[in-house]
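Chains as they are written, first to last, in my numbering: chain A, 1 to 230; chain B, 1 to 230.
To be clear, the hints were calculated from the coordinates, so they are not data collected in a lab. Be a bit skeptical, because a hint or two may be false.
[What the hints assert, rightly or not] Chain B is faced by these chain A residues, among others (derived, beta-carbon under 8 Å):
1) 96
2) 102
3) 166
4) 180
Note that the structure is a prediction, hence the values are computed from the model and not measured. Heads up, the beta-carbon is just placed ideally off N, CA and C, and yes, glycines get one too.
Number of protein chains: 2
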Amino acid sequence: MIDLYELAGADPALRFSPYCWRIRMALAHKGLEARFIPWRFTDKGSLPGAPHNIRVPVMVDGSRTVADSTDIAFTLEAEYPNSPSLFGGPGGEAHARFIIAWADQALIPALLPLLAADICAILAPKDRAYFRQTREKRLGCTLEEAAGRREVLLPGLHATLAPLRAIAGRQPFLGGDEPSYADYAVFGAFQWARCVSRLALLPPGDPVAAWVDTMLELFDGYAGEARVAG
Amino acid sequence: MIDLYELAGADPALRFSPYCWRIRMALAHKGLEARFIPWRFTDKGSLPGAPHNIRVPVMVDGSRTVADSTDIAFTLEAEYPNSPSLFGGPGGEAHARFIIAWADQALIPALLPLLAADICAILAPKDRAYFRQTREKRLGCTLEEAAGRREVLLPGLHATLAPLRAIAGRQPFLGGDEPSYADYAVFGAFQWARCVSRLALLPPGDPVAAWVDTMLELFDGYAGEARVAG
């Protein structure tokens, strides 16, 4: 049995980390069962592999402990070669790294200021001061000031999504006719938003919204049935 | 013999289109010889497949005429399966489409305002009014006003490049250990800039600059030896 340590809110059933959702979807893709163990930002010393590992997800699979969502995904692909591929071969693996980097470096930073105040509100009380301090430093303003800039931030998000919109308008998944880890890497950010906030991120009719809906329906509605805040 | 119709400047040896450079590199990758036929923006009626085809690149390979750089790349991959793959398999093909879309929708739009005035200056005189009119409409300002906003636009470009920077810092090419069409799709934009402008786009030490240099050296320095303006 695989153990996956993942971020939880004050409600331990609220699992909202974009990086942990990547791995939840990857495990479902591979048909692998796992135990999902709640962790909080301020539990840093308690992770397998601590003090080296201080962030989730961390996966423990038998004697192997792997941290970092991308490393976990490539480990699953290597260790479970007989279940459906996450990457579709070597070219798919290399190119997926760019899509992961885009999700990390463009999409998540575009979403963070829109979501940060809502995230803080659903955290365990002991995590809130840590989250506020680290994210306000990253954002360069208070969480509430960031949320107040919504009208400026949403058009920026829509512009950032242009490459995803182009693909969503022409093929079912970033992986082609079937979803790949690239889809999960990007979808994790939308599931993060959906789990913590009721903010409408996408305009009606945006092909990105249709792609998100398709992702929510995968694996018998796995992500669509996840606990959300409020 | 393949014929590739491509954009030329007033100097017919100056070939600077980012989309045409994608195909130049793809042809070199496949080891295919071609004739490169100069075309100007205002020659719309003269392309093979006109009046349907009004943009370059257009490839004529025997009885087949293909327009659109992405369609040409996929055609080359399908028609020349025994030469090195441009995509690295089905997963590589699907994921490459996102990287192409990022180059089209994020990178080229971030470069256009920085380059547009320089591009206009190297065009054949008969093309200049067409270029100015269409690009000023797209930019929402004059070419010269856009060039004057360089100090604001360059930090935006550097932010846009974050995903490419992350990959350039960890693996030789977007394609992994070997270049793929994804590399050519992105590199075309840098070669466009290099052919028309002396503007320093990247700060010293940027991993993206090292990746561009590597691309210029491929195929015995093919892109590095191309004619540049000035």
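Handout entry: Closest C-beta approach of residue 96 of chain A to chain B relative to 8 Å, hint status
Key = 5 Å, holds
Exercise for the section: Would you settle whether the hint for residue 102 of chain A is holds or violated, based on the nearest Cβ-Cβ distance to chain B being less than 8 Å? Expected result: 4 Å, holds
Handout entry: Proposed interface contact between residue 180 of chain A and chain B, which counts if any beta carbon pair is under 8 Å
Key = The hint holds - residue 180 of chain A has a Cβ within 8 Å of chain B, the shortest such distance being about 6 Å.
Problem - When the least beta-carbon distance from residue 166 of chain A to chain B is tested against 8 Å, hint result - result: 4 Å, holds
Consistency note: the structure conflicts with none of the earlier hints.
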